[in-house]
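Chemist: Model the placement of chains F and X on the given structure of chain R, informed by the hints.
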Amino acid sequence: MVELARKLPLPQRRFPASPVLLLLAAACIFLTVESLRSTIFAQLTVAGVATGVVYGSLALALVLIYRATEVINFAQGEMAMAMVYVAYQLTLWGLAYWEAFFLTLAIAFVFGVVTQRVFIRPVQGRSVIAVVIVTVGLFILIDGLVEWKWSANQRFMQAPFGNKIYHLGNVPIARQDLGTIVITLISVSALWAFFRFTKLGLGMRAGALRPAAARLVGVRTNALLAVGWGLAAVLGAVAGLMTEPAEYVLQPTLMQPVLLYAFAAAVLGGLESPGGALVGGIALGIFLNLLPSHSWGFVTSALELPVAFAALLVVLLIKPTGLFGHRTVRKV
Amino acid sequence: MRRKGRFMAVLAGLALFASVAATAAFGAHRATPGVTSTTITIGGTFPLTGVASLYKTIPAAEGAYFAYVNAHGGVNGRTINFKVLDDAYDPSKTVPLTQQLVEQDGIFADFGSLGTAPNLSIWSYLNQHKVPQVLIATGDSYWGFSAKKYPWTIGYQPDYPGEGKVYGKYIAANMPNAKIGVLYQNDAFGKNYFAGLRVGLGAKKSQIVSSQSYDPTQTSLVQQILALKAAGADTFAIFALPSQAITALVTATKVGWTPTTFLGNVSADPVFMKIAAQNGANVDGVISTSYLVDPTLASQANLPGVALAKSIISTYAPPLLPSLNAADANVVYGLGAAWTFVYALKKAGKNPTRAGLMKALKSMKNVKDPFLYPGITMNTSAKDNFPTEQEILVKWAGGATGDWAAFGKLYNNVR
Amino acid sequence: MRRNAPALVAVAVAALFFALLPFGLSDYHRGLAASVAVYLIAILGLNVLTGYTGQISIGHGAFMAIGGYTTAIMSHYHNTNLILTLPLAFVITFGCGVLVGLPALRLSGVYLALATFALAVSIPQLPLKFSKFTGGSAGISASKSVSNSWLYGVSWSTAAIAFLFTWLVLRGRTGRAFRAIRDSEVAATSSGVTLAIYKTLAFGVSAALAGVAGSLFVLATNGFAQPNEFSVTLSLKILVGAAVAGLGSLWGVLLGAAFIALLPTLSASAPLIGSAHGQDVVFGLFVIVVMILLPTGVAGLIPRLRRLRVKA
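Protein chains in written order, with this note's numbering: chain R, 1 to 332; chain F, 333 to 747; chain X, 748 to 1059.
Hints are computed from structural coordinates only; laboratory data are not their basis. Certain hints may be false.
[What the hints assert, rightly or not] In the DSS-like style, the derived pairs of lysine-lysine whose C-alpha atoms are separated by at most 25 Å in a straight line are:
1. X:Lys891 - F:Lys480
2. F:Lys679 - X:Lys891
3. F:Lys537 - X:Lys879
4. X:Lys879 - F:Lys523
5. X:Lys891 - F:Lys481
6. X:Lys891 - F:Lys462
7. F:Lys642 - F:Lys523
Keep in mind it's a predicted model, so treat the numbers as computed, not measured.
One chain only, chain R, in its complex shape (with noise of 0.2 Å):
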């Protein structure tokens, strides 16, 4: 059955519009030369990575649920500050972090398919609204439960990298941001490779953007739905398990700033596009780290969320599917 998903049509490679690409080369170059010209501004500019991998990484997830059920999961964050208290508890309970993180994201695989199976499923199909509302929920039981498990108190968490500092000529790099932004790739990496080199994920490909051609040639859907959210469950808590040792506590607020950065950076790279949602994860987390020191003044950190959502409404408006999205037709 697989051998048939493979020969469906699948959209030829597109690649992103030409002003799009100019204008990330620009970018691109205009980091380069400001961070050698200035100590503070490389800093900067290698942090802003730092987070905006974490932020792309968790876009992602948003992207891998959007793609396959067009609906977003509002408790996507919620989620992953599930799974960083379960590695927590582990680590508590005497398992390396290593062995915690491993076991965490296999437990995070099943929670995802446990969370579609039984919430997502019976209302698949119904309104965008009532999908939506349905993770609405999910994201107030997941804070309620952690809080009755865990309390909200401030708890620490042993860091995966150390507190070591490398020096790239004057710039201070620290290992915990250069390991954050290696295993984000790594884990992006082997996801890509998942979808372009498995016959589960070109299953997967194959019903997301066919649905009903794929069930004909034999391919369950249904289930490839469930895997599909455990897949961006295992993003997600990735992504939680690396912004933890970024914010140096753990609790239960953990993932919500985190969620509202993806959320802009799924939108900004186009709900469609995984490595769209990637971009604009870096690109936001490096434009937010440099705002404050270069907006003369104007925009003080309270303003650092509103002006990223700013943002995220313009780039609505004059390119409604995002940076690397492209156009689909309005059925009758």
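Modeler: Just chains F and X, lined up with the frame of chain R:
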């Protein structure tokens, strides 16, 4: 015709509502609410859940102190019944919960309620209803300054501007060439601290080379810290809430900045210092202030307040023991506030009234609360509504397993 | 005309009930009952947009914040009569709603959900930036506070007016246009509905009702407006209330409002779920179960039961 009838029906309904609003009767005032021949009922709102839930050990310790007093015969034969409600630090919850305490539970006084914004939201309500709002857990200076307009409200701890002043005085006297960088929360809390620092520095305030603000939703402080470092600051004042204070300490170390650091008391709980240290921050030598005894320090083991704290917590609130042993200052804080309330209640006489309680709280002369740092006394008058006005500087040593140690002299009249 | 008779009787009975209710309540319970009316108005607003026009909003807490701050600021600086601030909040948030509605013309479905969510998160940040004027995180207080009886009378009168207003809007041409947009935008356009006008109108009306609710919400908080009160949770709560009520039903709104206003208080003394996180668990589970089992909300049960009875 029908349509008109419908309209009239609606009008009649509205008229009824209006009459309700106009004629609703208020319950007559009883002699002293919350006081019976055997009990006194008080209550307060606290963040037992949510962002500020770390403070929930305060009402727990207060409850333990009242249990101790009750077990020893109560106050003038009356036991204290302390109701604790959870507002999760959200004023829109504080208001109905406080109404519940006042109107349903009939409390004698609102005691110890936590947080500046939650207390502001019930400030006028409690004063209109002449309900004492006493020994509230917030270091803002409104409560002391506005005694004329709000005579039923009084705080407990030293206020933020006063504390900022202590750092200013210390720097001016001991670090004449300091270049100061300030990180503060972008609101009244952070700005009041900052203002106090400038007052304390006096003529030396020109040595503040840079000040950076942040917003409570912010997760990264890299840019602020880098800006302070770039301005050449060698002295770092942090006026932040705990999460951001931890982030600031760690980030400073990570960007390779090693200033002399002053940390606002609000975030100086050893719990936070240890988290920061475990994340790699260099916390040794950080300076803060204290006004409470510290039961974990060998040097203070013989103080009567320390022995009392240990015996009360282990008898009446064993679950709090780990917090006490981890030097959680909130436990001692709760005991101290409850001690002061009981002291005032005794002063208010055999048949306490609300006015009597306020009078007792506003006429303290050299009162020695055993849970305050030795030498600190509480003084209030009709004009002076700040109970605690002395502080001692403390310095951290010992990294992730360390603790604060007091040094130098008591700073008087920090207000 | 005749078929309206039962509804008319229901309205009269409800009016009488709510008019007499405060006499049987303690002052504290009057405050609680008033908060039901406040949420009722907000949910009514969301229902016009989401239930009747099919435009999702996760950001109605933002409009409540604008309305609430309007009341607090006008009263604080200009000592404006508190009742007068309600229509003022209506007008201002109507304007804001139309402004938000304009970009919403180009957004639909999840994009709109995200954009309104962004609004819910961003708006409460603005008072922190402009803290000189808005009091920042220390909040801002109206120049006077009101009694619970006043609050009860004004909230329920306003709720009655809002209900009547919504009913009038929805039963006529406008309501038909709204529903046509919900069912199919393309079909609505081809049958002569100008999307731009009706979509922005729905946003305006919806936001205006939320704004009035926000004013009353602040008055119920002793006239004290502070960013914490308008966190994302408030927006989510209203959405939960609307979902429980049944999107597209006017009568369910009362149930939805009672659910979100009273659950925290009623369950406060219950074991296990009494704590705030216990309530979160109940809120979350309840809304999920309702969405899965009762797609038309609790209000949808009534016609269903009626149908069952007819069959029997």
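Chemist: Which of the listed hints are not met by the structure?
Modeler: 2, 7
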